[in-house]
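Asks: Those protein sequence lines, which keep their order, are chains V and L. Those letters in the first sequence? Residues 0 to 561, per numbering that gives the first Met the number 0, in order. Those letters in the second sequence? Residues 0 to 561, per numbering that gives the first Met the number 0, in order.
Hints are not guaranteed to be accurate.
Unchecked claim - Chain L is faced by these chain V residues, among others (derived, beta-carbon under 8 Å): (1) Leu304; (2) Gly311; (3) Thr325.
Unchecked claim - Taking lysine-lysine and the DSS-like style, the derived pairs with C-alpha atoms no more than 25 Å apart in a straight line are: (4) L:Lys528 <-> L:Lys550; (5) L:Lys550 <-> V:Lys263; (6) V:Lys489 <-> L:Lys403; (7) L:Lys1 <-> L:Lys13; (8) L:Lys19 <-> L:Lys192; (9) L:Lys403 <-> L:Lys192; (10) V:Lys44 <-> V:Lys19; (11) L:Lys403 <-> L:Lys489; (12) V:Lys550 <-> V:Lys44; (13) L:Lys44 <-> L:Lys13; (14) V:Lys192 <-> V:Lys403; (15) L:Lys192 <-> V:Lys403; (16) V:Lys263 <-> V:Lys19; (17) V:Lys550 <-> L:Lys263; (18) V:Lys1 <-> V:Lys13; (19) V:Lys403 <-> L:Lys403; (20) L:Lys489 <-> V:Lys403; (21) L:Lys489 <-> L:Lys192; (22) V:Lys528 <-> V:Lys550; (23) L:Lys550 <-> L:Lys44; (24) V:Lys192 <-> L:Lys403.
By construction, these hints were calculated from the structure, which means they are not laboratory data. No residue lacks a Cβ here, since even glycine has one placed at the ideal position from N, Cα and C.
Protein chains: 2
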Amino acid sequence: MKRVHKITYPSSEKMYVGGKIHEIGVAMRRVALTDTVSATGEVTKNASVMVYDTSGPYSDPAVEVDITRGLGRLRSEWIERRGDTEQLGEFSSEYCRARLADSSLDAIRFPVANLPRRAREGVAITQMAYARRGIVTPEMEYVAIRENLQNEELGIETHITPEFVRDEIAAGRAVLPANINHPEAEPMIIGSKFLVKINTNIGNSALSSGIDEEVEKAIRSCKWGGDTLMDLSTGDNIHETREWIVRNTPVPVGTVPLYQALEKVDGRIADLTWEIYRDTLIEQCEQGVDYFTIHAGLLRAHLPLTAGRVTGIVSRGGSIIANWMTVHGAENLFYTRFREICEILARYDVAVSLGDGLRPGSIADANDAAQMAELSVLGELTLIAWEYGVGVLIEGPGHVPMHKIGANMEAELAQCHGAPFYTLGPLVTDIAPGYDHITSAIGAAQIAWGGTAMICYVTPKEHLALPDGEDVRAGVVAYKIAAHAADVAKGHPGAQVRDDALSRARFDFRWRDQFNLSLDPERALEYYKAGRLGDESDHCTMCGPNFCAMKLTHQLRDCAAE
Amino acid sequence: MKRVHKITYPSSEKMYVGGKIHEIGVAMRRVALTDTVSATGEVTKNASVMVYDTSGPYSDPAVEVDITRGLGRLRSEWIERRGDTEQLGEFSSEYCRARLADSSLDAIRFPVANLPRRAREGVAITQMAYARRGIVTPEMEYVAIRENLQNEELGIETHITPEFVRDEIAAGRAVLPANINHPEAEPMIIGSKFLVKINTNIGNSALSSGIDEEVEKAIRSCKWGGDTLMDLSTGDNIHETREWIVRNTPVPVGTVPLYQALEKVDGRIADLTWEIYRDTLIEQCEQGVDYFTIHAGLLRAHLPLTAGRVTGIVSRGGSIIANWMTVHGAENLFYTRFREICEILARYDVAVSLGDGLRPGSIADANDAAQMAELSVLGELTLIAWEYGVGVLIEGPGHVPMHKIGANMEAELAQCHGAPFYTLGPLVTDIAPGYDHITSAIGAAQIAWGGTAMICYVTPKEHLALPDGEDVRAGVVAYKIAAHAADVAKGHPGAQVRDDALSRARFDFRWRDQFNLSLDPERALEYYKAGRLGDESDHCTMCGPNFCAMKLTHQLRDCAAE
Chain V
0 MKRVHKITYP
10 SSEKMYVGGK
20 IHEIGVAMRR
30 VALTDTVSAT
40 GEVTKNASVM
50 VYDTSGPYSD
60 PAVEVDITRG
70 LGRLRSEWIE
80 RRGDTEQLGE
90 FSSEYCRARL
100 ADSSLDAIRF
110 PVANLPRRAR
120 EGVAITQMAY
130 ARRGIVTPEM
140 EYVAIRENLQ
150 NEELGIETHI
160 TPEFVRDEIA
170 AGRAVLPANI
180 NHPEAEPMII
190 GSKFLVKINT
200 NIGNSALSSG
210 IDEEVEKAIR
220 SCKWGGDTLM
230 DLSTGDNIHE
240 TREWIVRNTP
250 VPVGTVPLYQ
260 ALEKVDGRIA
270 DLTWEIYRDT
280 LIEQCEQGVD
290 YFTIHAGLLR
300 AHLPLTAGRV
310 TGIVSRGGSI
320 IANWMTVHGA
330 ENLFYTRFRE
340 ICEILARYDV
350 AVSLGDGLRP
360 GSIADANDAA
370 QMAELSVLGE
380 LTLIAWEYGV
390 GVLIEGPGHV
400 PMHKIGANME
410 AELAQCHGAP
420 FYTLGPLVTD
430 IAPGYDHITS
440 AIGAAQIAWG
450 GTAMICYVTP
460 KEHLALPDGE
470 DVRAGVVAYK
480 IAAHAADVAK
490 GHPGAQVRDD
500 ALSRARFDFR
510 WRDQFNLSLD
520 PERALEYYKA
530 GRLGDESDHC
540 TMCGPNFCAM
550 KLTHQLRDCA
560 AE
Chain L
0 MKRVHKITYP
10 SSEKMYVGGK
20 IHEIGVAMRR
30 VALTDTVSAT
40 GEVTKNASVM
50 VYDTSGPYSD
60 PAVEVDITRG
70 LGRLRSEWIE
80 RRGDTEQLGE
90 FSSEYCRARL
100 ADSSLDAIRF
110 PVANLPRRAR
120 EGVAITQMAY
130 ARRGIVTPEM
140 EYVAIRENLQ
150 NEELGIETHI
160 TPEFVRDEIA
170 AGRAVLPANI
180 NHPEAEPMII
190 GSKFLVKINT
200 NIGNSALSSG
210 IDEEVEKAIR
220 SCKWGGDTLM
230 DLSTGDNIHE
240 TREWIVRNTP
250 VPVGTVPLYQ
260 ALEKVDGRIA
270 DLTWEIYRDT
280 LIEQCEQGVD
290 YFTIHAGLLR
300 AHLPLTAGRV
310 TGIVSRGGSI
320 IANWMTVHGA
330 ENLFYTRFRE
340 ICEILARYDV
350 AVSLGDGLRP
360 GSIADANDAA
370 QMAELSVLGE
380 LTLIAWEYGV
390 GVLIEGPGHV
400 PMHKIGANME
410 AELAQCHGAP
420 FYTLGPLVTD
430 IAPGYDHITS
440 AIGAAQIAWG
450 GTAMICYVTP
460 KEHLALPDGE
470 DVRAGVVAYK
480 IAAHAADVAK
490 GHPGAQVRDD
500 ALSRARFDFR
510 WRDQFNLSLD
520 PERALEYYKA
530 GRLGDESDHC
540 TMCGPNFCAM
550 KLTHQLRDCA
560 AE
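Using the sequences and the hints, build the whole thing.
Replies: Next comes the structure, spelled out in structure tokens:
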């Protein structure tokens, strides 16, 4: 196992911007640029550019991250200082205690043990609860600064203040996932009035992938720009794998607890009980998972609506709970137990991501009655979760042709009381397996422009196999493109600063600056080098020396200046 | 040199569908599907699916294409039978004659010589001219059948009849590029009421790439689905390279004649004259180029409008003509000579693609006064070209953020009298060099949905280097996705048939059918195989055996059936 991991970006400095309300240091990356030198030798300085940084301590040269020890516990002090939580003497989950007691697992166990925290009885400790009480937490100030990058420095007007963050969270229009047992995570926010976020999925299955590989994927996701990370493991040792991931991930971590609950009954859906599921929720809350996908909106009455579908139910969680309902002749237990679920989540500040078990798996099934019926139940559940101060994300499709994307966003807004929408793509056609990071980035950009707050990445391997590290990179970059394109289209304050700086570098033939400002500097440099046949500081292989439009424009401007 | 080239697609049969008006055989590809077998052993046949086929004779098992001999001359008879053109005794272009006489070029010369045809004096022989006279040519019937695929067989209502094709061409709303000297090309149509088309760019530069490699790229483009091909060569032996490409390409070929004209004066822009350009036009008309990009709309008055731009002029042709105007203190010669240009083009049925020399090269420059001023001149020129019966495409941007894409389409419609729009992307952000096939596919899908008739691909190497064969594949597939997504969103008759068939195959675990119906069967199969660890006919590595949503849906349906 490689213990020490580092993330580096070219010409980049790790910065920590201080707060005004709280003593915090908000991580950012400052990309230094070279000077512009005109034909006459005149030198103009180019201001450095701040970029949003999801890489956590991995990219801090002053920190050595040893994954066998985990990341620093950034938020511990903030949490403790509030005095509304207590450290428990042991883990509350039976399963967790059994795993800890099992010495055969010592070899794969994360080496450092931390006891969990939980809200004191009767105290509301969620970011939503604080926001409603008018409190601006360090987490809220952190995200306000983080979202603005260098807007203040550049004099760019912004609507995003710590108080605005608070108000959006209080209203449920934004979620700040921040389990008190994941103090390693840097605060971030998901809401339509903030930067569009992207989620990446990793996780092993019964058929592949070890712990090392999953931690490696998590770090890669953070390197390329993943804002949150879902661990969708379904194989062996889910508990231990997750511990390694959570302890080493500086972004919020999500899961689908149902997957682990089902593994606990060896995949026998009929054997799944509320007790097992409940214990799994507590296990994961105490480990530090920041949000749970729960398929609580899929009801028995919806099942007949899927009968005529081209691709039936394509959500794993949805199909499991559909089978459970059918076998037991009972209503969805996540629906019937939803208040109990919220009570648990609230004690750790875990958010709920209401799963769309009936999302369309083909464009033929998009926006059908099944999908819309479930969405309306997600709206009901949103209000219940909010009663408990639990933040809510609403999951969305899936496969949707372009002309039906708008209606999804409208329906979500109409039914779900402004809770942030969190979509998987959508894929705008079904005909491109092997390229679904692209089919889905097209849909993701559109729906994010329309107001979707977070888009869940799709990798080139979607529909075909589990992604490897390079697939994670391809998926993350495709989704950073979609998210950023949406930020620009929405007019997010300062979003275009990076585009403009990169384009100026391009026009000046400051190749390295151009690459350093790009989403994937390594890839850009690699392609550039492969195309170089000599020294070509003022043109490239694309056009050759006689045909470089930018070179000719420079000549034209020089000519006009004379 | 590899002489014999074949294109194969799995489980596919090359079909030729007969005409009702003319004796024609319209090439299509029929993908055979396997049967669906239910859990109880019930067998259901799945109908084969026709897909649009750009691969020409390369995929016909009955034909052996030897690239040293070129493709069969499909349209020769149709052209000759019309009796309105004549075969010339020699090439009209001085330059062409000099190249033919130069024995030092024998080694790289295409081995077969064909004398050119030209319209008889005073006779209008363009598809547009025929359409206006009410004639449905074999070319028009060909595209009508081609666009419909199996709509008739499936009982899908369609607006696309041979007469509709004729009327759209007559009105200028569609272009059927069909140089009488490129009889190898299979007829296709570009217009907003037809399938969205994609163009690919290939071509060497002074710094790279031989003839072999360019022919190889052309064939790859046709294999993956490129509808037209632009040869943007700027290096040595442009004439000979193009001859190889045109003789071996079953789709219309476009060029920017200015590039070659400039090479003829060794890149000295000041030395460029009308006489050299005119001779180049005739040279290329007689070689069989189907459409020319001509930057005739960029006027002297527009140059000051670019002074404040972030990236100046990024069109090669635009920057050349801008410099020419500045050096000569003269108006754009393509503008002043536009009627003479149209006279030449009309005699060979070459269409004009009015270049957007002032397209924005960064999102900061999108939709600016320079861009819009040029677009309005393109509108004027459109009416002039139509006087001569010359088909017109209007080229569009470029780099445009999503919220400004709609305005581009609207401006084109308002200014250019319904002539088809043909855009390069647009790229919706500047920050992803190395991934610009994705940034631009997002914009291309949107603008094509809005009515753009053809989208020009961008490869991952854009801004960095010339594309190689794999980049051509990545670019073409990304653009096929964008075009198809737009076809579906526009409700093109029958467009969704392929999506639905693929999704049914996916739901049935008919993996091979799924891949065979996809845009890139080889890539899909490659990823699938890499993810297989055993026999998994009814689930995949993504979910593992306990978590396959589709498998569970099947169980659910079986359960409901009992």
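Asks: Are any of the numbered hints broken by this structure? If so, which, sorted upward?
Replies: Hints 1, 10, 16 are the ones this structure does not satisfy, whereas the remaining hints hold.
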